[in-house]
Amino acid sequence: MAAQRDPFREMDRLFGAMLGGPRDNAGMPMDLFRTDDHYVLNIDLPGVDPGTIDVSVEDRTLTIRAERSARTEVSQWLLRERPAGTFARQLTVGRGLALDKIDASYRDGVLALTIPVAEEARPRRIEVVHDSGAPALEAATS
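Numbered according to UniProt numbering, the sequence shown terminates at residue 142, and the numbering increases by one at each position without gaps.
It is worth saying that the hints were derived from the structure and are not from the lab.
Keep in mind that the hints are not guaranteed to be accurate.
The following label-pair restraints were derived from C-beta to C-beta distances [to be verified]:
#1 V55 x L79: 24 to 34 angstroms
#2 V55 x A84: 16 to 26 angstroms
#3 R122 x E73: 49 to 59 angstroms
#4 A84 x R125: 27 to 37 angstroms
#5 T52 x R124: 46 to 56 angstroms
#6 V40 x T92: 10 to 20 angstroms
#7 T114 x T72: 27 to 37 angstroms
#8 N42 x E127: 14 to 24 angstroms
C-beta: ideal position from N, C-alpha, C; glycine also.
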């Protein structure tokens, strides 16, 4: 029996230093799960301008970028925990996904990507033909 493998392997390397090292994903937390014949990637992006969201695929790398503008009309900050600026996340995508059929939507501060499993990578049943003829067995034993 073949083991099921996850076609996503996180790199999380791009912009690491720029976004604060170990906290580089604090501005883009995500969930990834599989449902039937597709994967769903939900990324929290509250407060970003939807026009700045960019999703691209190059070779086997999925890149998500977005920008949250800093408030400029504030005269004195008392507490500032929400990061501003450009956020980016990269994922290395394994074989077996239909990268040309990714759907993306942004609603209520969540970017949702639906990534279908490629037809050739979907599980399928192989029919076994029962041949009652014995000549093949006899030929093998002679």
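Report task. If any of the earlier hints don't hold here, list their numbers in rising order. Result -> 4, 5 and 8
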